[in-house]
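Chains as they are written, first to last, in the working numbering: chain A, 82 to 408; chain B, 198 to 537.
Rather than coming from a laboratory, the hints here were simulated on the basis of the structure.
Mixed in with the good hints there might be a few duds.
[Claimed, not checked] Under the rule of at most 30 Å between Cα atoms (straight-line distance), these lysine-lysine pairs were calculated in the DSS-like manner:
#	chain 1	residue 1	chain 2	residue 2
1	A	K387	B	K434
2	A	K142	B	K456
3	B	K456	A	K328
4	A	K328	B	K326
5	B	K456	A	K133
6	A	K171	B	K335
7	A	K328	B	K327
[As the list claims (entries may be wrong)] Label pairs and their computed distance ranges (CB to CB):
#	chain 1	residue 1	chain 2	residue 2	range
8	A	V345	B	I199	30 to 36 Å
9	A	T386	B	K461	38 to 44 Å
10	B	K309	A	S336	36 to 42 Å
11	B	D274	A	D314	36 to 42 Å
12	A	N319	B	K309	48 to 54 Å
13	A	P363	B	T412	43 to 49 Å
14	B	D274	A	P363	54 to 60 Å
15	A	K373	B	K461	43 to 49 Å
[Unchecked claim] Derived, one-sided and incomplete: chain B residues facing chain A with beta-carbon distance under 7 Å:
#	residue
16	Y242
17	R433
18	T454
All values derive from a computational prediction rather than experimental measurement.
Virtual Cβ for every residue (Gly too), placed ideally from N, Cα, C.
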Amino acid sequence: MINIQTQLPVREHLKLHIEPIRPEKDKDYTRLDRIIFGDNQFFGINHMSNEKAQSMAARFKDSESIIRVIDIAYNAGIHAFMFNTHDRVKEVCDHFRAYPEKYSNLSLYPSMPYAHKYANAVNENGMLGALNEFIFSGRSTKQAINTIIQGGKSLIKRDMIEVMKLLVDAEMRMFQGLRVKAIFLQNIVTDLLLGLGSREVFIEFVRHIEMTYGVEAAFNTMNMPALVDFLLDCGIENPIVCSGINKKGFLMTPSQREYEQALVEKPFRALAMSILASGDIPPNEAIEYVCKLPNIRSIVFGASTKEHIIDTRNMIYSYWGETEDIT
Amino acid sequence: MIKGAVVGFGRMGITHYSILNRHPQVNLVAVCDSSNFVRNNVAKYLNVETYNDYHKMFGEIKPDFVIAAVPTAMHMDVVKSAILNNAHVFVEKPFTLNSNQAHEILDLLKGKNLVHQVGYVARFSDIFKKVKELMDQKILGELYTFKMEMNGPTVLNGAKKSWRSNKNKGGGCLYDFASHSIDLVNYFIGPPDNIVGTVFKSIFSSNVEDSVSSTFIYKQGLRGNLIVNWSDSSYRKPTYNFEVLGKEGKIIANLRTLKIFFNKAPDIKEYTQGWNIQHFPSLAQPVRFFVRGFEFTRQSDYFINCILNNRPCEVCSFYDGFKTDTIIEKIRADSTRCYN
Numbered sequence: 082m083i084n085i086q087t088q089l090p091v092r093e094h095l096k097l098h099i100e101p102i103r104p105e106k107d108k109d110y111t112r113l114d115r116i117i118f119g120d121n122q123f124f125g126i127n128h129m130s131n132e133k134a135q136s137m138a139a140r141f142k143d144s145e146s147i148i149r150v151i152d153i154a155y156n157a158g159i160h161a162f163m164f165n166t167h168d169r170v171k172e173v174c175d176h177f178r179a180y181p182e183k184y185s186n187l188s189l190y191p192s193m194p195y196a197h198k199y200a201n202a203v204n205e206n207g208m209l210g211a212l213n214e215f216i217f218s219g220r221s222t223k224q225a226i227n228t229i230i231q232g233g234k235s236l237i238k239r240d241m242i243e244v245m246k247l248l249v250d251a252e253m254r255m256f257q258g259l260r261v262k263a264i265f266l267q268n269i270v271t272d273l274l275l276g277l278g279s280r281e282v283f284i285e286f287v288r289h290i291e292m293t294y295g296v297e298a299a300f301n302t303m304n305m306p307a308l309v310d311f312l313l314d315c316g317i318e319n320p321i322v323c324s325g326i327n328k329k330g331f332l333m334t335p336s337q338r339e340y341e342q343a344l345v346e347k348p349f350r351a352l353a354m355s356i357l358a359s360g361d362i363p364p365n366e367a368i369e370y371v372c373k374l375p376n377i378r379s380i381v382f383g384a385s386t387k388e389h390i391i392d393t394r395n396m397i398y399s400y401w402g403e404t405e406d407i408t
Numbered sequence: 198m199i200k201g202a203v204v205g206f207g208r209m210g211i212t213h214y215s216i217l218n219r220h221p222q223v224n225l226v227a228v229c230d231s232s233n234f235v236r237n238n239v240a241k242y243l244n245v246e247t248y249n250d251y252h253k254m255f256g257e258i259k260p261d262f263v264i265a266a267v268p269t270a271m272h273m274d275v276v277k278s279a280i281l282n283n284a285h286v287f288v289e290k291p292f293t294l295n296s297n298q299a300h301e302i303l304d305l306l307k308g309k310n311l312v313h314q315v316g317y318v319a320r321f322s323d324i325f326k327k328v329k330e331l332m333d334q335k336i337l338g339e340l341y342t343f344k345m346e347m348n349g350p351t352v353l354n355g356a357k358k359s360w361r362s363n364k365n366k367g368g369g370c371l372y373d374f375a376s377h378s379i380d381l382v383n384y385f386i387g388p389p390d391n392i393v394g395t396v397f398k399s400i401f402s403s404n405v406e407d408s409v410s411s412t413f414i415y416k417q418g419l420r421g422n423l424i425v426n427w428s429d430s431s432y433r434k435p436t437y438n439f440e441v442l443g444k445e446g447k448i449i450a451n452l453r454t455l456k457i458f459f460n461k462a463p464d465i466k467e468y469t470q471g472w473n474i475q476h477f478p479s480l481a482q483p484v485r486f487f488v489r490g491f492e493f494t495r496q497s498d499y500f501i502n503c504i505l506n507n508r509p510c511e512v513c514s515f516y517d518g519f520k521t522d523t524i525i526e527k528i529r530a531d532s533t534r535c536y537n
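Could you put together the complete structure from these sequences and hints?
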């Protein structure tokens, strides 16, 4: 949460329907779910092998197969999901909206943007062409004109932060009407911006998320210790930061030791992902390591079979002392 | 501290800036870009000077080094200007549009103690570094055949707004995409003695080729196939597949997995007879700051270390860039022959 000096009105037309939040002045108002189900396995992302990634992409080529696995997790008591703003997620969100009673306990943690769709659009249309495409894609002329009117001044002035806000709003459209707990900036963008070192962009992202959607902004990163220092330096208090954390030190930049030190010393809320290092660490060993670290609020994991989902869930609870057998 | 300037603030320019801006011994002081939108925002949000004329920028800022991340057709002019201003220079791939340009730059470098590097970033990936190490040790003995494939979903419609779809600016699959895989062949095996059977094919683009296939012939009997396609929607992102067969065994490599087959027990302790498989997580070496992949930081830091330690770049110098340019030129020449 950021210290906001001027209280701006929430933009009602964009606000998502969410549960009552934020007891006043509570710096930890988002109750993060302890287990969050991730989505890399659905979109052919695997650090271990291209074949594995391809076979997962084949298995999850339609949204029904994704929803089947989501339902297994949901029925196993995992009600929280982190979704990249992949085109396919739109269909999954449509499904959630169609069955509100079935998913009454659902909480979503969108992570945006899905970087590859931007990268390809930039290749094809150049930077400005790509921005235009994403801001106005899938919208009626009337909506596009409204966006131009709302953001028109900024587009004429060509201010990157205003463009960023329009992109966030474009990405958030797919989650309309669903309960969102925190909105993550995806790691490639977070880390690029961290390198650029512009505080204003981070501060304005946080402010925009809080003001427009009434939830906390959060960050995915591959550089957790450096990012946490930077966010604290920006005045973003007790930030929510999700990063790869695993026993082998895989994807922990600059080092596992600095990650462990940051968890002990820095005031932030840590989420751990890549806990198995793409399958390089046996599950029990991997989960024991992460669960025994201090200050881990949540574990984000992805799996595609009932057995793996329930085993992982039970292992996490066995270390965190929240045993609840699911059969 | 060494002082740097970035020319071209597109996807690669931003990546280099982001990585170098966090280097403890680098001070980035200026960005040059032709776009008002980019310059206005860089001036507003990053703590650097902005220019739309790099000649002026080099003259005023006098950078120790320059990162040139502009369309390929502009490489020669930016690089020449940097050299004339005595700046170490890193240029994105491919080095130039033709070997005449490359010659001109190499002539200009003579007698100057400048570090120069071309951005063939795949050379810095954990798995391809390992492949290079094994190839240099000649673990496969005499080589028979190889295959270098590179496929990706980079161009999936006929949009023409980017320089990447303009042949005169260095667009097209050969220069902009296949150059990486051609450079890897150059890195692992060396330049071919002859190139035959080249076929270019446009799939979505009207002005440039979207796929390239070619056969590389080497005097000692080795031959290899290059198969590249940047309009393949079955891939999530650009993907390499390299396979080489020799007298002693075989290597199959991509950015995620390294597979090595030995006909008999090899001399290297790390491996045994038959298949050996290593995955990326077990080969990945950490870097100081991670943006988009380990290899980008490793590439940038190698360049900076060469400057700081006053030693020439050995992994991907302009000479290597020139060799790859020469192969690209031969492929282009061969593509005009009729194989139908």
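Results of checking the hints against the structure:
| no. | hint | in the structure |
| --- | --- | --- |
| 1 | K387/A to K434/B | holds (29 Å) |
| 2 | K142/A to K456/B | holds (28 Å) |
| 3 | K456/B to K328/A | holds (25 Å) |
| 4 | K328/A to K326/B | holds (25 Å) |
| 5 | K456/B to K133/A | holds (15 Å) |
| 6 | K171/A to K335/B | violated (51 Å) |
| 7 | K328/A to K327/B | holds (24 Å) |
| 8 | V345/A to I199/B: 30 to 36 Å | holds (35 Å) |
| 9 | T386/A to K461/B: 38 to 44 Å | holds (39 Å) |
| 10 | K309/B to S336/A: 36 to 42 Å | holds (38 Å) |
| 11 | D274/B to D314/A: 36 to 42 Å | holds (40 Å) |
| 12 | N319/A to K309/B: 48 to 54 Å | holds (52 Å) |
| 13 | P363/A to T412/B: 43 to 49 Å | holds (45 Å) |
| 14 | D274/B to P363/A: 54 to 60 Å | holds (56 Å) |
| 15 | K373/A to K461/B: 43 to 49 Å | holds (45 Å) |
| 16 | Y242 | holds (4 Å) |
| 17 | R433 | holds (5 Å) |
| 18 | T454 | holds (5 Å) |
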